[in-house]
Structure formats: C-alpha cells, structure tokens
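Asks: Spelled out from the first residue to the last, the chains are:
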Amino acid sequence: MYGADYYPEHWDRSFWKKHVELMKVYGIEWVRIGEFMWSVVERSDGEFDFSLLDEAIELLSENGIKIILGTPTATPPAWLVSKYPEILPVDWNGRVRGFGSRRHYSPNSKAYLEYALRIVEQYASRYGDVIDVWQIDNEFGCHGTTYSFGNEDLVAFREWLKEKYGTLENLNRHWGTVFWSQTYKSWDEIVFPINTPTFENPHQMLDIYRFMSDSSIRFLKSQVEVIRKYSSKPVTHNFMVDFMDLDYRKMARYVDFVSWDNYIATEEYDPLRQSANHSLMRSLKHQPFLVIEQQPARVNWRQVNENYESEYLAMWTKQAYLNGAMGVMPFRFDQIRFGAEQYHAGLLDYYGRPTKRLEAYSKAKSQTPGVITPKPEVAIFFDYENEWIHRINHLNRNFKYWDAIVDIYKAVKKLGYNAEFVFNEDEVEGYDVLIVPYASYISEEFLEKIKKFEGPVYLTAMSSIKDKYNWLTERMPWHLIDEFGIEVVDFGGIKKEKGYLFSQCVNSLFWKDELEVFSAKVIGSFENGTPLATVKNNRYYVASVLDENGWKLLLSENLKPRVLGKGYELVNVERNGRELTVVLNTLPIENNVYIDGSLHVLKPFELSFVG
Amino acid sequence: MYGADYYPEHWDRSFWKKHVELMKVYGIEWVRIGEFMWSVVERSDGEFDFSLLDEAIELLSENGIKIILGTPTATPPAWLVSKYPEILPVDWNGRVRGFGSRRHYSPNSKAYLEYALRIVEQYASRYGDVIDVWQIDNEFGCHGTTYSFGNEDLVAFREWLKEKYGTLENLNRHWGTVFWSQTYKSWDEIVFPINTPTFENPHQMLDIYRFMSDSSIRFLKSQVEVIRKYSSKPVTHNFMVDFMDLDYRKMARYVDFVSWDNYIATEEYDPLRQSANHSLMRSLKHQPFLVIEQQPARVNWRQVNENYESEYLAMWTKQAYLNGAMGVMPFRFDQIRFGAEQYHAGLLDYYGRPTKRLEAYSKAKSQTPGVITPKPEVAIFFDYENEWIHRINHLNRNFKYWDAIVDIYKAVKKLGYNAEFVFNEDEVEGYDVLIVPYASYISEEFLEKIKKFEGPVYLTAMSSIKDKYNWLTERMPWHLIDEFGIEVVDFGGIKKEKGYLFSQCVNSLFWKDELEVFSAKVIGSFENGTPLATVKNNRYYVASVLDENGWKLLLSENLKPRVLGKGYELVNVERNGRELTVVLNTLPIENNVYIDGSLHVLKPFELSFVG
Amino acid sequence: MYGADYYPEHWDRSFWKKHVELMKVYGIEWVRIGEFMWSVVERSDGEFDFSLLDEAIELLSENGIKIILGTPTATPPAWLVSKYPEILPVDWNGRVRGFGSRRHYSPNSKAYLEYALRIVEQYASRYGDVIDVWQIDNEFGCHGTTYSFGNEDLVAFREWLKEKYGTLENLNRHWGTVFWSQTYKSWDEIVFPINTPTFENPHQMLDIYRFMSDSSIRFLKSQVEVIRKYSSKPVTHNFMVDFMDLDYRKMARYVDFVSWDNYIATEEYDPLRQSANHSLMRSLKHQPFLVIEQQPARVNWRQVNENYESEYLAMWTKQAYLNGAMGVMPFRFDQIRFGAEQYHAGLLDYYGRPTKRLEAYSKAKSQTPGVITPKPEVAIFFDYENEWIHRINHLNRNFKYWDAIVDIYKAVKKLGYNAEFVFNEDEVEGYDVLIVPYASYISEEFLEKIKKFEGPVYLTAMSSIKDKYNWLTERMPWHLIDEFGIEVVDFGGIKKEKGYLFSQCVNSLFWKDELEVFSAKVIGSFENGTPLATVKNNRYYVASVLDENGWKLLLSENLKPRVLGKGYELVNVERNGRELTVVLNTLPIENNVYIDGSLHVLKPFELSFVG
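Residue numbers (my numbering), protein chains in the order written: chain A, 586 to 1196; chain B, 586 to 1196; chain C, 586 to 1196.
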C-alpha cells in the first residue's frame, strides 16, 4: 500500500489533474482523503453537498488510484459548535477548549455523537464499497484530547463506574475512600478531581484513565458499526508515535488492521526508537500494519522544525518495510500554502513541482517488494494500563515507562536480535527470551505464563507490586517470590547510582529495591553492596532500572552479541523457507558492520539481505 | 511523648489487635488518631456513627496507650461539599479548588464553619477527657490552603478591613490608593487583586497575607473554644517545616503546646536546617514542643522519593530531643497499601511486619530520657509579617527571608553556639548576642530593646526600612541611624558580588546598600570600595546579605569558634546544676570533632554528653 | 524639553513648594503630570474635583515650568469598574484581568469608552491651551494589555472583519478555512481561538494582531479628536522599549511627535540596543522625538533590580541627544514611599533630598544643546506586521524578529555608520545601503523600491515569502527571484550551524534555505556546502540568519570599517554646513577609540564632537 495523503479540497479543481498525473508518474497507488472535510460536505445543519468528494473519488478511481476514506469527525464545523457549545471538551484545568483548530469535541457529548454518526452514515452509505479502506476519525487523542472533564463526561463516567462497580460500597472499598474521608454516599457526589489542593485518589485516577480511553474506543466502535451496515471494506485508524493515552491494544480489536503515523516526536532523532514504535504497532494484532502517515522531511509543530535531506524519506520507508509494514504513505502529497500546517513539507513543493523527496520515496518503493514477516526472538511484556499506573502517585515522578522500555528494545536490537511486545492475553511460547519490565500490575493469567515459560525470564523492580485497582500488594513481587527466589522488603526512589553487574560497572536509575534473597544467586550489586540483580535458575530479577548499556550486559548471557558496529537495524526473516538476516544502514554515510563475525560494507541508508 | 500516628479506620478491625501488640513490644506509648475520620463518623448530614472510633479508643486505652485525638475538619466529606459547593476554596488564579484530595475548604465559608464546629462539638462532647491531648484540624495552610479568594472570603476580608481601619479614608491613606487611581469610595469596591495586569498594591497585599493567616487562626480558636467546653486536656496543632504562610507565633497563643511535622522539605537534606525549624518551634512559646509527625524514611510527595536507611530515624529522634522536644512520633505506624499516600513509608511494612525503622526508633527512644532545655547564646529576631513583606514588591525577587535566616542559624551552630528566635514582644535579656537580620519592619517596642541591649547587636540591610503599613521609611535604618552610626542613602539589588571582611573574601548577595558612615568604623567593603560592614561600639551593620561563611566570619569576633569538624550539632544544657555540652553526629559514619580543643570520636549518628 | 515626571497628588500640598524650588535649582524646565489622576479628579460618577490639579498647574506655571498633561484613562477608578465590570479585559486564557493595578480596561468596552472620553473632555475643556503638551493615556499595551478577548472585543472584531472582508466567502477564502473544516456560515460563528487543542489558523491570528493594535489606535485617535476640540497644543503618547504588540508606525500618524519611555528591558544591558530603540522611534516619523520617561537608576519591576551609578543617567541623556532626541525626562522627580513602585528610584530620595543622579542629569543637560539630526547611511526595512507574522506558526519558534534586527543595527553602528528604519511607505533614496531582513511580507510598492534602489541591497531568508493574508507564496523570494538570481526551493529550521563567508567562519542560525542559484555568485556556504550567501551585481542574498559578527563581515564590502575599539556609539551629523562625527563613550572608564585611523581618548561617558 504505497501512496500518500491528499487533500483535493485545498485546491481549485483545475489543479487536480496535474496532481493525479504526477501521482501516476511517481507510483502513488493509494491516497488517503476526506478526513477533515466535514464543513465541505455538510455546509450547514443537514445541508449535504458531496459534489467535491464525488468528483475527487471519481477522478482518482478512473486513474487507478486506490482510496482510503477518512470519516471527518475530528473537525466538527463552526455551525455545529456554535449551535451546541457543550460539544467542546474541557481540559485538566476545568477550562473549555475552544474552536479554531481541530479535535475540539468530547466523545461523550450527546449532541456531538448524534451529528458525528449522522455524517459517518452519510459517508458510509454513499461510498460503501466504492472506496477501498475506511479510516475512522483522525488521531484519536492527539493534543491531549483523550481527556475531557465536562458535565457530559462526568455523567458518562458515573455510568461507567456504576457498570463496573455495581454498588457504591464496592466502589468505596476498591477506591479506598476511607483515606482522607472521601467516602461517597451517592453516585452524584463523584466528581473529577480538578485543581485539588493536593494528590488525587490513585484508584480513582486509574479509572479515569481507563474511562477516557474507553470513551474514544466506544466512539470508534460506534463508527465502525455504522460503516459495517454499508461496506465490506477494511476499517483502520491512524495510531500515533510514543502515544500512551489510549489503550491501543484494546482499540486494535475493533479495526481490521493497524495503521500509524510515523513522526519523530523526540528531541533527538533515534532510528531505533521509531523501530520500537513500528514493533509496538505490529504487536497490537501481531500482524502487518500500515504507515498511513510518514513524516516527509520537516514538520511544523516542533520548536525548531529541522529539515531532512530527501534520502531520509527513502530510509524511513525501508525501515517500515523491515519491521513488517505493508505500506508507507508520506503525509502529504500536495504542499499547502495556507492553514496551520503551511510550513509542513509535502512531496510536491509550494509551486506544485515534484521534490527530490518524491523521487527518493518513489525509488525506495521499488526496493521494498511484498511484506516481510520479522521473526522476533525476544518478547517484552507491555501494558497500557501499566503506563497509566506509572503516571499516578509513584515514587519517582521522573520515571517514564515507555522510555525505559524503549531502552530495553534498543539493547535487544543492538545485540542483533529482534523484539516484539506481548500483552496480558498473548501467548509467549515460541519466543526465546521473556522480559517483564516495570510491570506494576500483571494479570494472574500472565503470571502463570511467566512461571511456565521455559526460556529465561527477566523481571524488574516495580513489577507485580500492584493489584488491578492500583493497590500495592502485601508482598512483592506478588506471586513471583518463590519463582525468583527474592522478596522486595523495602524500596525508594533514586536519581542515579553506580552499580556492578557481572563485574562491570552499570548505572542504576530511578528506583532501588531492598531485596531479601532467599534462593537466588546475586549477580549484581548497588555501590552500597545491596543486591542489584539476582538469578535463580533462569529467572533474573533486577532491583532497579537499567539503561540500554546495562540491559545489553544483563541480556548478553542469553542473547549472545551477534553484531559489531553502529547505525544499523537488523531483523531475521524467513523467506522461501530460508532464514535470512535483513540489515538497514540508518546512517547517511557508508557503514562497516560485522554480523556474526563477517564484515558487511553498507552504502548510505542501504537495505541489504544478508546470507 | 513517644509514639506514632495511627489510622485504625484504614484496617478491618481484625488487624487492630496485632497492631496494638506490636506497639507495646516496640514501646509506642502514644498514638495520634482520628484527624481524617469525618466521613467515617458522620456518614451523611447529621448521621453520626462513632462506633469505630469508640472501639479503637477503647482498645488503645485498655492497652495503656495514650491518645492524641485530631478533629477531622481538614477533610469535609463528599456529601457536605456536594450540598454546599461554596465551601471549596478559590486559588490565586480565581479558580475553585476541587474535591478529591484534602483541605478543600475555606475557613471563611459559613456553611463549612457550621458543620465543622458541629463535628468538633461531637468529638469534644463524646471524648472530652477520655483522650489525652487534642489536635485541632491537620496542618493548617498545607498545599497553599491558607489562601482562598472566593466570595465569602471577600466578604470576610472587607469586615476585617472595616475593623482595622474604621473608615475608608483611613484605609485609602494607609494603602496609598492615590497611586494608580485606586481610591475606594465604598467598601464593596474592594476586591482581591486576582490576575491583575501588573503589580498589586503592596499595602493591600500585606493586609491580605495578614487576613488569610488570621482566618485560619480564628478557625483554630473557635475549635479550641468548643473543646474547652468539654475537656481539660491540652490542645495543640501540627505546624509545618519551613512554613511561612501562617503567623505561627500568633497562632501559638491559642494552643497549650506547639507540635510540628518534621519532614525534609528542601531538595538537599541538611540536618541543621531541620534544627533551625526545631528551634523556631521551640521559640514560638519558648517551651518544649512535640514532633507530632516525624518523617520515617521515604515520603510520597517529592519528585524523587528517596529512602533513608533505618538509622536515620534514630538520629532524627535524637536531634529533636537535642533541640528540646518532649517527644517524637513517626508518621505513621501502620503502612497503607491504598490511598494517595500508599508510597509513604511506615513503621510496619505492607505485610504488617515490623521494619528495621521501627527497631531503630524504639532503640533511640531509650537514649532520649526526659526533656532537655537547650541554652541559646544567640537571639535571632524573627517575624512572620516580615516574611510576607519580603514576598511583596521587593527589590530582589530571588531573596528568601527564611533561607537567609537559616544561613545565620547555621553559622551560629557551626561556631559551637546555640540560637533561638525572638519576636517583637520577646525579651532579649539573657542572650549574649542579638542578631536582627533583614527585618524590614521592627516594632517601636523592639527598637527600644535593640538600643538597650548590652551585648553586641548585628543589624543588616533591609532592616527597619518599612512601617507597619509597608511604606518605606523616610530615612533608613529608621530610628537606628545614630545607634549604628550609618545611614542608608541608596540601595539596589545585586546577584552576587565579592566583598572583603576583616581582610578575608566574602560573598555579598541579593542587596547592596549605599551607606553614609557618620560615626562607625568600616570593617568590610564591597569590591568597588563602598562599605559592606561597619561597627560603632558593639553595633554591627551589614549592608548586604551574607552567606553562612560570611556570617561565621562576621560573628567570630564575638562568638569565638569552639568546634572543628563537620556533620555535628551541638547544644549547651544545664543538667543537675552543671553545664554540659551535648553533641550529635549527624553523619552515618564515624566522625572526629574537636570541641573546645579536645578530640571527640563519635560513632555513626551518636548522641554524646560532653564534660 | 528637559525635565522630569512628577506626581503632585502623591504629596501633601505642603511639599510642593520644596519640589518646585528644587526643580528650578536643577534646571527642570518641563514636567509631565496627571496621567494617573482619574480617581483624584472624578471622585465618583460625575463628581468632578479639579482643585488639586488646578493648584498644581498654577504653581508650576507660576514658576515657569512647562507642563505635559497626561489623560488619566490608563486607570479607571474602582467606582467605575465596580459599576461596569465588563470594562475589565480578558486575557489569552479567557480569564478576566482584575482590578488592583493599572491598565485594567478593554478599549472595546462601550461603557469604558463613554467614561474615558468624558474625563478626557473634562481635561481638555479645562486645560485646553493652559498646558503645553498633551500625552494620551499611558503606555498603551503595557503588561500585555493590547490583547483582550471578552465579549465586546469579539463583537468589535466581527465588525472589523466585516469591514475588511465584506463577505464571509471572501473571509473564508483568505483565511483558508477549508483547512481543518473551519468554514464559517455566519459572522457570529467566528470566535477567538482561546485554549484550542492545537495550532490556530495563522491568517485569523494575523488579523487578530492587527485588530488588537487597531483597537488601541482607534482609542488614541478618539482621544485626540476630543482634545483637538479644545486645544492647539501638540499631542503625543509614550511608546515603549522593545515593544512590538502595537503598530507604532500606524499609531504615530495620529500624534504630533513621538515620545518613548527609555528603560532597559533586557537581561543584560546593551547601550546599542537602547540606541536601536532610539532610532526606531526617530524613524516612526523621521523626526526628532522625546524621551518622556528615562530610567533614572534602579527600577522595581525586574527580578533583580540593580542600581546604576549616577553618571549613567548623564550618559543615557547624552545618548538620547546623540540619536536625535529633543529632550529627556527622567521618571520620576519625586521619590515615592508607597504604592507598587515604592522601590523605583527617583531624582530625589525618600527624604526629599536631591540625589547624585539629579546632579548628574542636571550637568548632562548643559552638554546637550539644541537637537542633533543624525545622518543615517543605512536603511533597514522594518514592519510591525512582520513581527506578528513571525510570532505565528513559524518554522523556528526561537527566532525573534526584533532581536535579529537589533543585531544588524549593532553591526552597522560598530562599523562606524548609522542606520535608520524604513517602512513600506517610506522612500529609500538618499541612503547608501538598503537592508531588507527577515521581511516575510513586503508590499508590492516596496518591492518596486528595492528593484529601483541603486546602492547595494541585502535580502535575507524568510523575506518575501508571504502575501498579506499570511499565505506562503508559490515561489520565493516572491518577485525578487530574477533580481537576486536565486530561488529558495526548500527550507528548514536549524539551531546553529557553522558557515563560511568570504573565507571566514560565521554562525548561521534559526533558518536554512536550500537555494537554486541561477545567475548569482556564491560568496558564502553552509558547512555541508550549500549556498549561504550570494551576490548578483550589488544584490546580496543571505540564506539564513547571521549574528552581529556575521553581519559586520557581510556588510564590510560596502561599509568599510571606520572604527577600532569598543564601548562607543558614533553618529555623523551636519552642523553649520560641516559634516561632523559625534562619538559617545558608553563605558564608565577611559576609552581609546580609533576613528578613521585617528586615536581619540574619551573620558568616562564622554560625548565628543570629532573633526
């Protein structure tokens, strides 16, 4: 699925033909359109006009270009917001978020839902199987819009709680409301803890994170149901990079395949961080995925929007392919001169001429045939709810769950192996190594899988210390004390301490357990001599957070280092019954890499299949 | 009064017996309970149920454990807030502070006051002399809750102003409202300066700080009055560390003894800063005080909540004793698994087992018999209103009054002497040295005491430059020009300048006076040659802010250095008619300290009585 | 016009005589009074009492002191705000800005306008030609008060838009509302984009900046019209340093001469930055201007308010003179003991004694006879709307238009030449060199002037890339591609890159063009080899932002360096038909400067006329 995102509504129809011709010249076979067109197709309440979209779809189809059509619910029009101001979301400070950009709606607003599902039905009934793939809305949760704290949200939250807890007694018990005199006598007394003098109830907070995620998922689901009435085409949604506000694992159940928007969101660009996101997206359904938006070069939303030379787009395309993508679609084909994204690069330039980026992309496309299925040797346990638990009332507010996991992912990759993420319900058989990092809450089901796993298991500090209501457990790691031969008897936050592991020096960060070691061997220690890492049989426990280097050292006992060099990404695949290693040079210069002892000289950004 | 804070309501009654047994084993003789129980004992409006509290008190009493009972007014229940939302406080931004944590009330809310005094009366009438000590509310002002800017606060503020000024003409004159056209024609025109385009009226601001402090004091007083109707037991309130929003000196008048909560609130832990707080608390009534909450190890409210090894709790207990405490109660006995403080350490662990902390505390208790009365050689003038004056519209917004005073306190301690704080109404006879630092406003009464004081007096920049309405005085230092032989003729903020004092190099910070020297000798200069310090007879003037080292140097002329070493705290006491020096090693390692020329080898955290 | 700002209303009448005597002793010939007196002269609605102002004016006039009278509209009284709370402005967060400081009004409030124009009419009709100059209001826009987002502002904004665009179709097209579905069907749907989830519409934003500036200008204009009914005296307004919220060029049309308030607003004091402001003020009407407020020494509104030795005031006075000022008036004559500015220095001290500052000022006055007309060799294009364009949705949010222009100004000055600012409507003939820096939008009129200009022209990155609706142009630099022989084909933000210019090393900052060079010569390159600077005939293009050193190097081809040394400011003037160079030593020490090869030894802060 190679193509690009396209906005016919931004142009006078006279430009369209030129655009489509260039698409054909450069091999753009797919376009995504329509996801911000609400005010174009519904000019005022009930006044529908699909002529523009009809014509665009017709022109594209005539020219053999396949279409992903986005439902336009991310941008309720001015006439709608003006009529029903209660549609607007309310932020963490209790302030209404205004009209004038995008995503200005709460998915719990009844008025909004009515109009949103009506326009979706208009789209679905008109274009049913005419188009090829449906995209629901656009980037749920972007700009913090997972969260809304208005009246309708509160009503919906109370309903959600009633369904979950049944009785107030039950809720009071699980929320521990006896603490600080917070006991509720009526459902109507429950409010969002906005601008509270001090720390919120951590059990309530976890339910708020769950409820907010569920609100978007419910909205996606209701759109899918409308579309299903009219269309047999696959449905997807564009997920985001480094994004943890929504439980994507849960949301992925309701789409036919996962798509995501591959942008560089960190201050420093790190190719393996993008790879971790690719793998997370692949792991959501353990199936190929689509990069439905690919950063082309500079964007417009950073403090400093640096450009990237055109060959980067080629490399990013190959990297997606390497990680199991079934296609890459740069955002966007046409370059816009106006609007909030006027500085965002496109594949054409402001004058409509093809850029070097378009050429590079077009060439990369020809080097990425079919879809690769990467073979991951390592399973890393991941859970969105754990990310929320780490946000709430924790011991070290500097710790970031996803960042710490990306460090582990990078360690595995640099050793020459591939990693995939596994969730509570996933099977873990077939992987060589299982890592369960910083997993505050682990379901009983998965605890059993850990015990049964035959290969080495790595467990860390902060794992299995919480129940599903966000209470700390009586003993830690809960249900795994015997398995690992240690008990956590005390703990505290740390900034950075030196430690020793296999006689090497490592950094321990963020957290420090005090262990009682029953039946394990100590293989690492903090500088003050207390245990940093232990092993019992092939069960490893790390009493802190390690950085990438620490993890490389720790894992190397079971993942023998295969690669020497830097600036590479490597994946093992099966192809025609043969195991192959595929390697990508992520550097813009020639790169010498030793794989399994043999030298490979890689050209700038080269993708190479190795023996 | 050795014991701990305890929360029976957080446990099924089946746990209580185990808790009480452990208390007895480890010598917990006192507990504080009940201060967050409002929704437990008043389940809904007027529906009282004291069974839990009754049983807990009975069980504790039966086992010989003495009880401090806290009134539960810090946490108005959900049913009350839901019924009277106007109870909620309003912050500096004009935003309501929500339900969902604690201290969510304004002490000026009529509805709140009615319900709060009703529940206090329920407590008082039921437990009158059954319990041993009363604690009023919990940590007045914590989380910025001294301040509330709602409608009822405004009404109360106008009443407070009417009482203070009598007429609007009087208020307009003292507030200088002619500046920027702020003259009031009606009391109802007076508002809180919320979100003003620029700087507020500094005279109004000082009255706001006073009014807000008075609001909490008035509320404390009205609770005490209710309790007095039913009980002859002493009343206290738990004051806070490094806390300047409330005039604790004024508040202390209404309690029988001062208690405070000894937590480490600064980024870096500094034992002598905690000592300064102990001394401030002792100085409020110049009587022994209670550490009613003692940080046990890690807390939960810092960015990074570091743990402390168990022996720290022993040392902190000894340090309190050294500074004149009559008891130390770690917060908290039981370790909670839920609630906003689930990560806060206790004396038990999550599984209910005694920790090493509990053992260390128990042992320290046996090393701290009776109550010491420290003998301070030095008096440091202190005034809460001056702290507020420094907050308002000053010349150098980086200057912090209390931090600068702690530096002086530490200098005195490190020289081997003890300091106490004196307030406007206090006598200063009996001290060897009097320091009057950064005291913008000094009462006429105290100005006279300065003049009469026979020993050396140290006065600094920013002292006696304001009247009690926060006007600058015509000449500076007001009423002390002749006494010190200098006049401040100009001044300005500085960042950090080098200076010279007794031919040594010192840092001058924050503020720089330009002096006219009449009849004093210059003993220090700024780098540009203007006078930094002068002396006339034994009257010293410092034209800037010195750090700890500068003060050590300056004071050493009158306080001959007695000690060599580091990591010690030293106090002189009288015991059985003999002068003794007591020294505490605040380091976790063996420590060599020379006192009056003799070597003392102190074990880690050792408390030692020296000849 | 030498004098000072004076506040008789802050003093009991008994002090006035002393003040006036001191004025006469020290040569204070002008005073500005009255601009914060609203509540003094209108004590409640319609209750006027001009006795104080009458008496003050009479006393000053009797003593031969000339008067600038300020209209008091910057401080609506409490009684007025209390009666019409809708007068209060609303900030960017949608929050009302409260009473209690100053500038608490929206110029779009109908109630406010009615009362403001009434008090102005009272002033004007009473003092018509009795006083000598009128100042309108005080520092329009100070403290961010250019911006108000209340209901009345919104109504006025919609009217402003109707007038500008005529039809909604027109507005929708120019605002590009098809982007993100923002199309408006009714004028009433248009709102201010307050607290939007993400980036606002950049075309709407530019109109908001224009509207807000116009609102203040319209208010100024309506005051001028009232005054003109009663007075023939000149009207001015006090503009501010480094201030870009208002289009001062547009506002300057409605005053008879420009005044400004010369304060140091940057973290580090830089005399040439103040000079740039002087020149900008002179350039607004290309006429002499008045420094109506001059920082005397310390102020009160900085984080750290450092003092300045008295001779600085003398130097600042000479610097204003050097740049074409017709007078300098320190703020303020009398030193206040109360109010929000109690720490701001005056020319008297708190006790009413003359300070060394007053002496220094008085002496400097005698060294600055008449009014100099500086002869600028260099024209720098400047435009307030471009400053707003740079604020909105740009590529590098760290770039600051005015700061980057000050760097160019300083480069010109340090080479030994003088610069003036030119605006779209200004003529450029007569200047030797024309610099057009960072000028996103350039009017067609000015584009023609660039082409016709015979001398060297310097154009930079980000110039002529926008149309007047803030759309990017199709090609860049728009209409100047042939003239400069290059086209910008791509660009991106940068932090800091090394570059080469005339074989020297330079820093390139913020922005990096990718150029296609048609018919120009490359004279500078980025480190990666792409062109940094080009020249075609005498048309220079710089593909990035240079710092002061880079500009000195680049300009030196056409502005041969005349001066060696540091800490000087130099201006060429014509005097009695002779060209003279005037040089000011801005350092408090003796300074050796070589001008045109000859050594000049300048005394501290000396102003010297050179051959």
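Worth double-checking, as some hints may not be accurate.
Simulated DEER-style distance windows between Cβ atoms [said to hold, decoys possible]: (1) Glu647(A) with Glu1142(C): 53 to 59 Å; (2) Arg703(A) with Glu853(C): 41 to 47 Å; (3) Lys602(C) with Glu748(B): 35 to 41 Å; (4) Val1107(B) with Lys602(C): 37 to 43 Å; (5) Gly729(B) with Ser771(C): 54 to 60 Å.
The calculated lysine-lysine pairs, modelled on DSS-like cross-linking and capped at a C-alpha distance of 30 Å, are [stated by the list, open to error]: (6) Lys1083(A) with Lys1188(B); (7) Lys1053(B) with Lys1080(B); (8) Lys668(B) with Lys770(A); (9) Lys985(A) with Lys1080(C); (10) Lys1151(B) with Lys1080(A); (11) Lys1053(B) with Lys770(B); (12) Lys770(B) with Lys695(C); (13) Lys1106(A) with Lys941(B); (14) Lys603(B) with Lys1053(A); (15) Lys770(B) with Lys695(A); (16) Lys1188(B) with Lys1080(A); (17) Lys806(A) with Lys749(A); (18) Lys1080(C) with Lys668(A); (19) Lys1188(A) with Lys1081(C); (20) Lys1053(C) with Lys1081(B); (21) Lys603(A) with Lys1053(C).
Just so you know, the hints here were simulated from the structure itself, not pulled from any lab data. No experiment lies behind these values; they were computed from the predicted model shown. The C-beta atom is built at its ideal place from N, Cα and C for all residues, glycine as well.
Asks: Give a verdict on every hint.
Replies: Results for each hint:
About 58 Å separates the C-beta atoms of Glu647(A) and Glu1142(C), a value consistent with the hinted range of 53 to 59 Å. Restraint check, Arg703(A) to Glu853(C): a C-beta distance of roughly 60 Å breaks the suggested window 41 to 47 Å. Checked against the hint of 35 to 41 Å, the pair Lys602(C) and Glu748(B) passes, with Cβ atoms roughly 38 Å apart. The hinted range of 37 to 43 Å is satisfied by Val1107(B) and Lys602(C), whose Cβ atoms lie roughly 38 Å apart.
For the pair Gly729(B) and Ser771(C), the supplied restraint of 54 to 60 Å is violated, since their beta-carbon distance comes to about 44 Å. Under the criterion of a C-alpha separation no larger than 30 Å, the hint pairing Lys1083(A) with Lys1188(B) is consistent with the structure, at around 27 Å. For the suggested pair Lys1053(B) and Lys1080(B), the alpha carbons sit about 28 Å apart, so the restraint of at most 30 Å is met. Restraint check for Lys668(B) and Lys770(A): the C-alpha separation of about 12 Å stays at or below 30 Å, so the hint holds.
Of the pairs offered as hints, the one joining Lys985(A) and Lys1080(C) holds, with about 27 Å between alpha carbons and a cut-off of 30 Å not exceeded. Among the hinted pairs, Lys1151(B) with Lys1080(A) is consistent with the structure: their alpha-carbon atoms are about 25 Å apart, no more than 30 Å. A hinted pair counts as satisfied when its Cα atoms are at most 30 Å apart, and Lys1053(B) with Lys770(B) qualifies at roughly 24 Å. The straight-line distance between the Cα atoms of Lys770(B) and Lys695(C) is roughly 23 Å, inside the 30 Å bound, and the hint therefore holds.
About 24 Å separates the Cα atoms of Lys1106(A) and Lys941(B), which keeps this hinted pair within 30 Å; it holds. At roughly 27 Å between alpha-carbon atoms, Lys603(B) and Lys1053(A) fall within 30 Å of each other, so this suggested pair holds. For the given pair, Lys770(B) sits about 49 Å from Lys695(A) by alpha-carbon distance, which is inconsistent with the 30 Å threshold. Between the alpha carbons of Lys1188(B) and Lys1080(A) the distance comes to roughly 28 Å, so the proposed pair stays at or under 30 Å and holds.
Simply put, Lys806(A) and Lys749(A) have alpha-carbon atoms about 19 Å apart, close enough for the 30 Å limit, and the pair holds. With a C-alpha separation of about 45 Å, the suggested pairing of Lys1080(C) with Lys668(A) is violated against the 30 Å cut-off. For a cut-off of 30 Å, the pair hint linking Lys1188(A) to Lys1081(C) stands: about 28 Å separates their Cα positions. Annotation: proposed proximity of Lys1053(C) to Lys1081(B) is violated, straight-line Cα distance about 49 Å (limit 30 Å).
Distance restraint check for Lys603(A) and Lys1053(C): the Cα-Cα separation of roughly 27 Å lies within the 30 Å cut-off, and the hinted pair is therefore satisfied.
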